[in-house]
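Peer 1: Residue strings, one per chain:
Protein chains: 2
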Amino acid sequence: MHVLIIGAAGMIGRKLAESFASRALAGSEPKKLTLADVFTPSAPAGFSGDVVTVQTDLAASGAADQLLAERPDVIFHLAAIVSGEAEARFEFGYHVNLDGTRALFEAIRKVHEAEGWTPRVIYSSAIGVFGGGLPDVISDEYIVTPEGSYGTQKAMCELLLSDYSRRGFFDGIGVRLPTICVRPGKPNKAASSFFSGIIREPLVGQEAILPVAETERHWMTSPRSAVQSLRHAMSIDTTLLGSRRNLNMPGLSVTVGEQIEALRHIAGDKAVALIRREPDPIVTRFVQSWPKAFDTKRANELGFTAECRFEDIIRAHIEDELTPKAT
Amino acid sequence: MHVLIIGAAGMIGRKLAESFASRALAGSEPKKLTLADVFTPSAPAGFSGDVVTVQTDLAASGAADQLLAERPDVIFHLAAIVSGEAEARFEFGYHVNLDGTRALFEAIRKVHEAEGWTPRVIYSSAIGVFGGGLPDVISDEYIVTPEGSYGTQKAMCELLLSDYSRRGFFDGIGVRLPTICVRPGKPNKAASSFFSGIIREPLVGQEAILPVAETERHWMTSPRSAVQSLRHAMSIDTTLLGSRRNLNMPGLSVTVGEQIEALRHIAGDKAVALIRREPDPIVTRFVQSWPKAFDTKRANELGFTAECRFEDIIRAHIEDELTPKAT
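Residue numbers (the UniProt record's numbering), protein chains in the order written: chain W, 1 to 327; chain Z, 1 to 327.
So that you can see chain W by itself, here it is in the shape it has in the complex (with noise of 0.2 Å):
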């Protein structure tokens, strides 16, 4: 098997490639994995197969044709510019969202109805499509506003998912990941980051701040989750989604007050006693307006899973970033 993975330089791309090398795996490897990104990728260690890595912008006319050259399998498409820059950039926004997405589909169809080569897509979509006075509980049945222009983007690309499915040019499902927790690496300007500074700060004697209040509510799930639903995608069987190819991932509906007892259950007082609150009104209006829970009825039956108490999120941090590794 051959696995094209876009946008493989990010987080969960890199944590996905990284996947493909697990010795968990062992005989079920793919065969090669061509890793993209607008940065050159790094490719995952102790993966026994070819690995091809490729700098590419897909909205860059003839980029996807190139990327699919060799006909993978199945392509995972997770690059994206996030919700923050695609509002501050509006056309570069739409440039990377859905242009780089269109090229990617479009590219596809062509070879489909050239040779009849049908991949599995699977795309990453974000809980970012709903917004504007949310319910405190989001089924799968409820409707599509997104209210920032990463939202719309993202929530554009899921009805050309759906409709080049059902045209039979792919078999596209689209995969919309909570907010991921503990996002490793550096605090970074979304104003969701404190939901994982709030955790891996602390758990390595560092100070973070605490911009909201404790009863502020959230959906995540850990990137191991993240990267467990995007691998889980690749073997659903896709006619039980019907004509609905976007589904909403399980995840934890947490609140931060809850977030800081699970990390004084495994850290400690002396960890809780890092966290400094700041309250900060922007920030907490953001929070506010985004999801805080979802039924994921649909997920649920096709399999996927997640982490069902936050200290599991704290643990699988723990084992994935803060453990030396026997390789």
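Hints were generated in silico from the structure; no laboratory data involved. Please read all numbers here as calculations on a predicted model, not as lab measurements. Misleading hints may appear alongside valid ones.
Repeated chains share a single entry, so a pair holds when one copy, or any two copies, can fit it.
Unchecked claim - In the SDA-like style, the derived pairs of lysine to any residue whose C-alpha atoms are separated by at most 25 Å in a straight line are:
no.	residue 1	residue 2
1	189	167
2	189	216
3	110	90
4	297	141
5	32	48
6	297	136
7	110	89
8	110	59
9	110	82
Got chain W; can you put chain Z on it based on the hints?
Peer 2: Structure of chain Z alone, referenced to chain W:
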């Protein structure tokens, strides 16, 4: 006021242009009408202001800029290829229905950013954005899951319309019109053509084919009400829409049997006898997959209206199409 109608050679575009020439509007007529379409539109008789007609392909480079050169105050965007053609000609459908609309929106944005000009944009969407195991009554909260390329393109443009409006580039309203009945003119190849045919043809002594059972139910409005809805969208307070800029328009939910009884009431048994039953399982399957009724609470509260009795739809057809006009 300067009004631009894109898609002015189509049936609704033509009637919308004519409505601006109606003496009922004396004093509130626009000063100027610009009528654009891929075929040169005809100027409405009796309009006292300036009329400019333009033959153009909206998706062609520079075409949108040209249409905006005089900065119209209100832009009606009705141009589209219909669902059957969008399904048969995949690339052309996306070219006209998506790229054309996006080119218009982008051209408006660029002028807005240079000059602050913020026109009202009224976009004709369609109930074809809904599909897939629909409930008997579709509420304003019902999810958009189109089952065709046409509905996909309309749904994508609705998302664009909301995002461009949210950003303040223009002041947009998306109007999801019911199936138009009674369509004037000849039968066409649309699967929905018979809904009009079984009224239009018998009224002028001609036979009409009925391919479905009398129990089939559908959602309709007269050309007159469709034009009224478009006109009403010119003056509503868009702050009441919030970020949800697309509205299901009021219409009438009737069965074919109710249509026929209304025809009998107005034109007698002789007219009804001209309806010939010729069951067609393909058309029946199409009709059964379409919306049957809507609860259009949001549009109703904003003052949009439509006929409440099918007799009124037939009478509107007789008045507008079969009665010589005193001009």
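Peer 1: So, for every hint listed, does it hold in this structure?
Peer 2: These are the hints, each one checked on the structure:
1. 189 <-> 167: between (40 Å within a copy, 21 Å between copies)
2. 189 <-> 216: within (19 Å within a copy, 55 Å between copies)
3. 110 <-> 90: between (29 Å within a copy, 12 Å between copies)
4. 297 <-> 141: both (10 Å within a copy, 19 Å between copies)
5. 32 <-> 48: within (9 Å within a copy, 70 Å between copies)
6. 297 <-> 136: both (16 Å within a copy, 23 Å between copies)
7. 110 <-> 89: between (31 Å within a copy, 14 Å between copies)
8. 110 <-> 59: both (16 Å within a copy, 21 Å between copies)
9. 110 <-> 82: between (29 Å within a copy, 23 Å between copies)
Checked against the numbered hints given earlier, this structure breaks none of them.
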